[in-house]
Amino acid sequence: MRAVRIGWLAALALTWAAAGAAPATAADTLNAYSIWPENWARPMLQEFEKATGIKVNFVRFSSGEALARLIAEKNTPRVDVLFGGPVETFAAGVKEGIFEPYKPPAFAALPARFKAADGSWVAIADDPLVFMTNARFLKDNNLKPPASWEDLLNPAYKNMLQMADARTSGTAVTRLFSILEVNGRDEARAFEYMKKKRRNVQLYTKSGGGGTLPVGLGQAGGGIFFIVDALDTKAKGYDVVISFPKEGIGTSAEAIALIKGAKNPELGRKLIDWASSPAMQKLYAPHKINFVPAHPEVAVEPGLAEVLKGAKIFPIDDAYAGANRKRIVERWVNEVLNLRE
Amino acid sequence: MLWACLALFVLFPLAALVARAFFEGGRFAPGALASVLRDPNHLRAFGNSVLLGVLVAVASTVLGFLFAFTAVRGGLPRAWTGVLEATALLPLISPPFTTAIAIIFSFGPRGLVTWHLLGLKGVSVYGLASTFAAETLTYFPIAYLTLKPVLAALDPNVEDMAFSLGSSRARVFRTVTLPLTVPGLGNAFLLVFAASLADFATPLILGGNDFPVLPTQAYLQITGLFDFKGGAVLSFVLLVPAFAVLLLQRAWVGRRYYVTVSGKAGAQTAAKSVAAWARWPLLAGCLVVTVVIAWFYALLAYASLVVALGANHAWTAVHYRVIFSEGVKAIRDTLVIAGLGMPLGGLYGILLGYLVARKVFLGRRAMELVSMVNYALPGTIVGIAYLIAFNDPPLVLTGTALIIVACYVFRYSPTGIRTTVALLQQIDPGLEEASASLGAGSATTFRRVTLPLIVPAFFAGLGVVFIRSMTAISATIFLISINWTLITVRILENMTELSLGPAAAFSMLVVAIVVVVMAALSRLLRQFRTPGRVMVASLLGG
Numbered sequence: 001m002r003a004v005r006i007g008w009l010a011a012l013a014l015t016w017a018a019a020g021a022a023p024a025t026a027a028d029t030l031n032a033y034s035i036w037p038e039n040w041a042r043p044m045l046q047e048f049e050k051a052t053g054i055k056v057n058f059v060r061f062s063s064g065e066a067l068a069r070l071i072a073e074k075n076t077p078r079v080d081v082l083f084g085g086p087v088e089t090f091a092a093g094v095k096e097g098i099f100e101p102y103k104p105p106a107f108a109a110l111p112a113r114f115k116a117a118d119g120s121w122v123a124i125a126d127d128p129l130v131f132m133t134n135a136r137f138l139k140d141n142n143l144k145p146p147a148s149w150e151d152l153l154n155p156a157y158k159n160m161l162q163m164a165d166a167r168t169s170g171t172a173v174t175r176l177f178s179i180l181e182v183n184g185r186d187e188a189r190a191f192e193y194m195k196k197k198r199r200n201v202q203l204y205t206k207s208g209g210g211g212t213l214p215v216g217l218g219q220a221g222g223g224i225f226f227i228v229d230a231l232d233t234k235a236k237g238y239d240v241v242i243s244f245p246k247e248g249i250g251t252s253a254e255a256i257a258l259i260k261g262a263k264n265p266e267l268g269r270k271l272i273d274w275a276s277s278p279a280m281q282k283l284y285a286p287h288k289i290n291f292v293p294a295h296p297e298v299a300v301e302p303g304l305a306e307v308l309k310g311a312k313i314f315p316i317d318d319a320y321a322g323a324n325r326k327r328i329v330e331r332w333v334n335e336v337l338n339l340r341e
Numbered sequence: 342m343l344w345a346c347l348a349l350f351v352l353f354p355l356a357a358l359v360a361r362a363f364f365e366g367g368r369f370a371p372g373a374l375a376s377v378l379r380d381p382n383h384l385r386a387f388g389n390s391v392l393l394g395v396l397v398a399v400a401s402t403v404l405g406f407l408f409a410f411t412a413v414r415g416g417l418p419r420a421w422t423g424v425l426e427a428t429a430l431l432p433l434i435s436p437p438f439t440t441a442i443a444i445i446f447s448f449g450p451r452g453l454v455t456w457h458l459l460g461l462k463g464v465s466v467y468g469l470a471s472t473f474a475a476e477t478l479t480y481f482p483i484a485y486l487t488l489k490p491v492l493a494a495l496d497p498n499v500e501d502m503a504f505s506l507g508s509s510r511a512r513v514f515r516t517v518t519l520p521l522t523v524p525g526l527g528n529a530f531l532l533v534f535a536a537s538l539a540d541f542a543t544p545l546i547l548g549g550n551d552f553p554v555l556p557t558q559a560y561l562q563i564t565g566l567f568d569f570k571g572g573a574v575l576s577f578v579l580l581v582p583a584f585a586v587l588l589l590q591r592a593w594v595g596r597r598y599y600v601t602v603s604g605k606a607g608a609q610t611a612a613k614s615v616a617a618w619a620r621w622p623l624l625a626g627c628l629v630v631t632v633v634i635a636w637f638y639a640l641l642a643y644a645s646l647v648v649a650l651g652a653n654h655a656w657t658a659v660h661y662r663v664i665f666s667e668g669v670k671a672i673r674d675t676l677v678i679a680g681l682g683m684p685l686g687g688l689y690g691i692l693l694g695y696l697v698a699r700k701v702f703l704g705r706r707a708m709e710l711v712s713m714v715n716y717a718l719p720g721t722i723v724g725i726a727y728l729i730a731f732n733d734p735p736l737v738l739t740g741t742a743l744i745i746v747a748c749y750v751f752r753y754s755p756t757g758i759r760t761t762v763a764l765l766q767q768i769d770p771g772l773e774e775a776s777a778s779l780g781a782g783s784a785t786t787f788r789r790v791t792l793p794l795i796v797p798a799f800f801a802g803l804g805v806v807f808i809r810s811m812t813a814i815s816a817t818i819f820l821i822s823i824n825w826t827l828i829t830v831r832i833l834e835n836m837t838e839l840s841l842g843p844a845a846a847f848s849m850l851v852v853a854i855v856v857v858v859m860a861a862l863s864r865l866l867r868q869f870r871t872p873g874r875v876m877v878a879s880l881l882g883g
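Protein sequences appear in the order of chains A and B. 1 is the number of the first residue of the first sequence in my numbering; add one for each residue after it. 342 is the number of the first residue of the second sequence in my numbering; add one for each residue after it.
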């Protein structure tokens, strides 16, 4: 039969494809999923190899995709470490039971908000939110850079703001809790504000940094982003202005964790030791990675410190956010996202 | 053999996903199902999905027919046909993110066209209209690829008969040409409808706040709210309209008789169905679309050659240097995977199409349905289902190229399958019966008689699998690994890093590769088809 012969050929071709893909598992090789974009993850992990001789193979995913993969692979994990990404993703992972608690040497030195009590994850960086606006847009509309949450309600911004969707983005959840915090956790007032701001929002993007390019290109006037994304937009040459609200704005930690059932747990722990210590975090500045270091012994790079000067930044209360996140996001979807006027 | 493949690569992953999503501790727990289905936002998304699917399918089928008809019947010079062919291929090639950026850059609130050219204020680029436009531009090539072989196989002699009986051109078109292409139209509609239903990248970027559709909701449910069950339920709901259209399409196409390739064709005559004057309006209609598409690609080419689009427009070649140094592994992996998937997908497509259209056997209908499943499901779900199914023994495929190849073959072959079905509906089974009665076995008949007649479908199917292998991302984002990565993943990564330049350069490279491969294929096809025709004519002619 012809079909059979074709089948054999196909099988042959596929065996070859499968054989060609023998995984690289040398004794001193570690596998990781990174949520940090490659332009940050690659230099850091190369520095790790330089320091320890351990090579890290990694693939980069968005936080949601990384978590979905880790959950799907739970029974036979393919990687040893989840590297970078907002604490929220790690909190969701803890609920799914995908992490192996581990307390690195830096654990004791870290403030409480930079670690899970049982060591399920530890923070490697801090990332405050900022307002980012297009300089040309401000000029055309005779606006000053927004310096208060109220400024974003100005009708001049109508249909010109882009920010992230709370269902998919940690950036957005941090923003929601920032608004709650500046309103004294009065939900009625906070949601009243968000509904008013909704009129000015052109688009809620799926990823936290999704709006940075439209703002850079001037397709949107401004938005609320993490400082790393905002500073990267600026570094690409787009004429954008970074400002902070006088009422204050929230910040979110970036973390690292060991995967339960990892094949190279010892190597994974070494990476966590290194990443949570000043050894890695003092390298952010030379590599132009604009995270605020999490380890208290690492100084903030002067340029970054200059941007942050005078800004009122507060941490989001983990216990409060953890207990209310699902409800707040659902309320946001129903009352703000799907608002009909 | 085919059933084994379908069971392994369609049903098994699906079952694994269902098991993971709906069974808790070995017991069926449908609790999530009801609450997800009752959510008014999801109901609205379902309505939007069906509406969008119908609109896109109608528009794409019309546009695809216009292109195919103009190319096949227009009697245009070869160069023009080449232009049409290229136009119809380009949109299939472009990775979704870059097109969306081109649209936003052109038609956004400060877009080159809307703001700088027309001076419009307060334009919203997000919503039904732009999603519809972007999807139609992306998917009409599928309709074109399905319709062109069908129109080409339509014997001009049939039209000539009508002319010689005194019919006008309009009447011939309405009563002869159009009705005879019904199998093609029905299958084109089905393919585009299902593709639009499953597409999440376009609405994700262009849908905006007021136009949620089901695949994006499912994606958000899984990657945003970490709700596996809800996402799976939403995705399975999408199968309902897709199957409904498959059944409708069959009912519509099934009852009539479309055979025009009977083996009794006389000498080839030139097509007369299009008046000389009508050629140019037809061509002009196509060229409007060509200009829009050319504009997007010009923008993309420009973005790949300047430092940063919108910020610094100094010329540079640095982006190409980047992709040919850092991107070499992705390029090589993608080519290996696309090269493997292409022939397999083409063969699988015509074999399955042939079985479904010609052979009577138990479970034929079921096979047809099953072959559409992976195509009609959003990529996110297919990807996760594959990941769950092939991560643990007995069959560990994660981390290999095989899992990506299998995903492409079983997800993107329906174009080949449906084109084969549509073509076979035009071909008189008498041809095959004649061969059988002369003593040829069924394999010989397939190889010597049927195969040469459906070669165009083979190439259509193979082409789509190749192009999709070069450009798809939604399912494969879950299947790439440390060993195998893809160009599209690099493009997505570049977009995340705000590096429009390298993303655009990668896109241009993909376009170049696809154009070269498709040109080679169409040359091959010409060589195949000419002897095929001659054989039909000389063996059974008169």
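In case anyone wonders, no lab produced these hints; they're calculated from the structure. There's no promise every hint is true.
A partial selection of chain B residues facing chain A, derived with a Cβ cut-off under 10 Å [what the hints assert, rightly or not]:
| hint | residue |
| --- | --- |
| 1 | S376 |
| 2 | V377 |
| 3 | L378 |
| 4 | P381 |
| 5 | L384 |
| 6 | E426 |
| 7 | F514 |
| 8 | T516 |
| 9 | V517 |
| 10 | Y560 |
| 11 | L566 |
| 12 | V632 |
| 13 | W636 |
| 14 | V659 |
Note that CB positions come from ideal geometry on N, CA and C, so glycine has one too.
Hint by hint, which ones does the structure fall short of? 1, 2, 3, 5, 6, 7, 8, 9, 12, 13 and 14
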